[in-house]
Amino acid sequence: MPRRKVSIIGAGNVGATAAYYVAEKVIADIVMVDVIEGMTQAKALDFLHAGPMRRYDVSIRGTSDFSEILDSDVVVITAGLPRKPGMDRMDLLKVNADIVKSAAQNIAKYSPNSTVIVVSNPLDIMCHVAFRTTGFAVQRVVGMAGILDSTRFRYFVAQELGCALTDVHAMVLGGHGDQMVPLPRFTTVAGIPITQMLDKSAIDRMVDRTRKGGAEIVAYLKTGSAYYAPAASVAEMVEAIITDRKTLAPCACYLRGEYEIENLFIGVPALLGKNGIERIVELDLEREEMNLLKESANAVRKGVDDLNTFFSLR
Amino acid sequence: MKKVGIIGSGNVGANSAFFIAENRTASVTLVDIKEGLSVGKALDILEAGPIRRYDTDIRGENSIEGIRDSDVVVLAAGRVRAPDQSRDELYKDNAPLILHLCEDIKRLAPGAVVINVVEPVDMITLLAQKTLGFDRMRVLGVGGLLSTTRLRYLISNFLGVSSREVTGMVIGPHRPSMVFLQDTIRVSGIPADKLLPPEAMEAIIEEVRKAGDTILQMAQRSTAYYAPSAAVAALVEAIVRDTRKILPVSIRLEGEYEVNGIAVSVPAQIGEKGAERVIPVRMSAREQKEFLAAANELCESLNRVTC
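In order, the protein sequences belong to chains V and W. With the numbering used here, letter number 67 in the first sequence gets 67, and the count goes up by one each step, no holes. With the numbering used here, letter number 241 in the second sequence gets 241, and the count goes up by one each step, no holes.
Hints listed in this document are in silico derivations from the structure and should not be mistaken for laboratory results. A couple of the hints might just be wrong.
[Stated by the list, open to error] Below 30 Å or equal to it, Euclidean Cα-Cα: the simulated DSS-like pairs (lysine-lysine) are:
| no. | chain 1 | residue 1 | chain 2 | residue 2 |
| --- | --- | --- | --- | --- |
| 1 | V | Lys-274 | W | Lys-194 |
| 2 | V | Lys-25 | W | Lys-2 |
| 3 | V | Lys-246 | W | Lys-210 |
| 4 | W | Lys-194 | V | Lys-200 |
| 5 | V | Lys-200 | V | Lys-101 |
| 6 | W | Lys-2 | V | Lys-246 |
| 7 | V | Lys-294 | W | Lys-194 |
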């Protein structure tokens, strides 16, 4: 079997840290691409220097030449601008849609058989851009969101209960934003639903904190946003695909009728393996959970409409 | 670094030492009355270290004195079950040795948490706890944890999903009457009964009930030891790193789960003091009935062997 290859487009904090986590897993060679000349080369070299101590020996390259992503197994798109003061949602959408579109064109050209993981925000909308631009099968374009939201939820549950982090599993569906849908019924400690261990007010508090998990960190940092947990989430997805781990985790997937949602990227439980999204699991949601998911889907749909307006204007 | 003393350097004892070495969580001393066995196994494990990348301190001693001042003592001595041997017969074989070893543990490692993996595990765990006179929360038997890892594997294998996200909880006596808590059997929080047909679930549960026997029948001369050793290493890690993981372990109950005076597996939060608390889990009426029936069956067995 040839050596596996993962390319990461965008070498900011999320992209570079994801490259580092993937390197530590020793499962694939890594190419980091960024339009900013020199920065990716520097970061790649720095990672390589740490290898003898951290015990990874994969190849890590930094480049600003997109052709170097040639024949990647997985390509991660982290490129895009964070929202700046004074920018509204539509401004951010426009700027990042162009960046993601350009990345997706390069992916289609140089790595036509890859699986694409989208990380750029607004996440669910950028998944649409990548999906349409690459023309890839639905199984091979997946967004990173639910796995991040659920790792935050897992951490909060473990803290609240004073139990081991590794015992906690969580499920968070919906779009990646304030309208995400954490599901306490499917959130467990050693298989025991948290609804048996915590009262409603404690669960509500954690659900709320999960929804605002990204904002909580932005509020501390002031001029930056979270990147360790997002990068760890990316690495988990990369590993599931590269090593065919068949991980069941919430991911943004293109739905065609599942959960009564048509033609929209939104977070649902998905089985990740060598073919990308190998299966979407449909949970029996209670009415209230279903309503929350639909509201979340409506918000994403509005963003897609904005996107369509934007692209048709040009 | 915390110290783990393992009594018995047979397959379970030696492989437990090996898994603990790989986890790099504690130093280990293996002891066995068979001259040279512990020293040889320890040396073999140490010599694999450069390739396997652990530098854990593993020692072998011919004398029980080697367990002195251990933070955790693992009871892995005695006989394993022979094909066609009953659990009652096995208890009679192993009980005298356990009585003897518990006196040594009291003398050499009075503050230790004791993990028992000697079969029949619930009966021997109770015997050890009584003989040691230790707080019952410091004497834990490997039972439900072993069946749970088998269950998790079989579920993941059937569904073609990673076993890391599969949870489950098997409680009650470590014999075919063990109890499966259906609602805890999940994949990434999603109930497994939504993902696999009821016949498949039943078949898997039957396989777990007789998993030990299946391996014994195949191997004839030895019982399973990789999964049992992995369960020991998981318990050791939870104790020495004080992880507070919730694991099903055999523990003498005093009213929890409506059972009194015998040891069977129940979910417990594990930390540096052993079991920090028994976790109550909601059971269906059927599970509750099965649990009490299984506990009664174990009581009858205990009555037979102690008469």
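Tested hints:
1. Our distance criterion of 30 Å between C-alpha atoms is met by V/Lys-274 and W/Lys-194, whose separation comes to about 24 Å.
2. Restraint check: the Cα-Cα separation between V/Lys-25 and W/Lys-2 comes to about 28 Å, which is no more than 30 Å; the hinted pair holds.
3. A C-alpha spacing of about 28 Å is found between V/Lys-246 and W/Lys-210, which places the hinted pair at or below 30 Å, so the restraint holds.
4. Distance check on the hinted pair: W/Lys-194 and V/Lys-200 sit about 25 Å apart at the alpha-carbon level, within 30 Å; holds.
5. For the hint linking V/Lys-200 to V/Lys-101, the alpha-carbon distance of about 43 Å lies beyond 30 Å, and the restraint is violated.
6. Using a Cα cut-off of 30 Å, the hinted pair W/Lys-2 and V/Lys-246 is violated, with the two alpha carbons roughly 36 Å apart.
7. Only pairs whose Cα atoms come within 30 Å are accepted, and V/Lys-294 paired with W/Lys-194 is accepted, the gap being roughly 22 Å.
Taken one by one, the earlier hints fail for this structure at numbers 5 and 6, listed in ascending order.
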